[in-house]
Amino acid sequence: MLEVSLAKRIGTLDLALVLSVGAETLLVAGPNGAGKSTLLLLLLGVARPDRGRIALDGRTLFDTHADVPAEDRRLGYLPQDYALFPHLDALGNVAFGLADFPRRERRARAAAWLERMGASHLANRHVGALSGGERQRLALTRALAREPRALLLDEPFASLDSSARRELRASLRRSLLEWRLPALIVSHDPEDAMLADRIAVMERGHIVQQGTRDELRAAPSSPFVAGFAATSRESL
-4 MLEVSLAKRI GTLDLALVLS VGAETLLVAG PNGAGKSTLL LLLLGVARPD RGRIALDGRT
56 LFDTHADVPA EDRRLGYLPQ DYALFPHLDA LGNVAFGLAD FPRRERRARA AAWLERMGAS
116 HLANRHVGAL SGGERQRLAL TRALAREPRA LLLDEPFASL DSSARRELRA SLRRSLLEWR
176 LPALIVSHDP EDAMLADRIA VMERGHIVQQ GTRDELRAAP SSPFVAGFAA TSRESL
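Residue -4 is where the sequence shown starts when you use the numbering used here, and the numbers rise one by one after that.
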């Protein structure tokens, strides 16, 4: 369980919200400038809240007495651009993310995770030779190989062309259902609602409504919520 209650002022944005994510996928949706990326930075430990609490499986990551370093938070992260290393092959990219493990174990562990994710055929290929979908699968493999307790995803389809997005959403949804980690996705795209068990709509730094897509459609609290829920697809 990922539990979040925090506040942060950045420029003219006053971010203040409360969220909880169990063994499910929560989509935090909102327009550009709503504070979605800031939320991820605060959860990851890259930025520090002004006040509040972040806890994962009962372990406090941040409050007035604690601020666990980013590398010790056990949060998997899939950045928008995937942050893969072009000079390394797929195996090397996964192994690089395993710096906390003994050196002799890294490549064997990386190879095992590539096989587990159905990507062992990519092991010796460099990033430049991979398709958008293969890069996403590689980045997800790298994030999961560290055995995180929760997974954070930043606009996971923003860098893909429209023809690839539907297939890759289905693939990612299958992975999320298999692992059943607390997963938090931030996005402005209504199509990404297909990935989520629940949706939390964010405007100007605040969560204005939470619920399933049907609940948001039935009683939207703002024009943005109404538009977002109405334009999202029913299923993958």
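Simulated from the structure, these hints should not be mistaken for laboratory data. Glycine included, C-beta positions come from ideal geometry on N, C-alpha and C. Possibly wrong hints are sitting among the right ones.
Simulated restraints on C-beta separations [as the list claims (entries may be wrong)]:
#1 201 <-> 99: 40 to 50 angstroms
#2 67 <-> 218: 37 to 47 angstroms
#3 121 <-> 207: 20 to 30 angstroms
#4 111 <-> 45: 25 to 35 angstroms
#5 43 <-> 168: 26 to 36 angstroms
Hint check:
One distance hint, 40 to 50 angstroms for the beta-carbon pair residue 201 and residue 99, holds here, with the actual separation near 49 angstroms. Taking 37 to 47 angstroms as the suggested C-beta distance range, the pair residue 67 and residue 218 conforms, at roughly 41 angstroms. At about 41 angstroms, the beta-carbon gap between residue 121 and residue 207 misses the expected band of 20 to 30 angstroms. Residue 111 and residue 45 have their C-beta atoms about 40 angstroms apart, which leaves the hinted 25 to 35 angstroms range violated.
For the pair residue 43 and residue 168, the supplied restraint of 26 to 36 angstroms holds, since their beta-carbon distance comes to about 33 angstroms.
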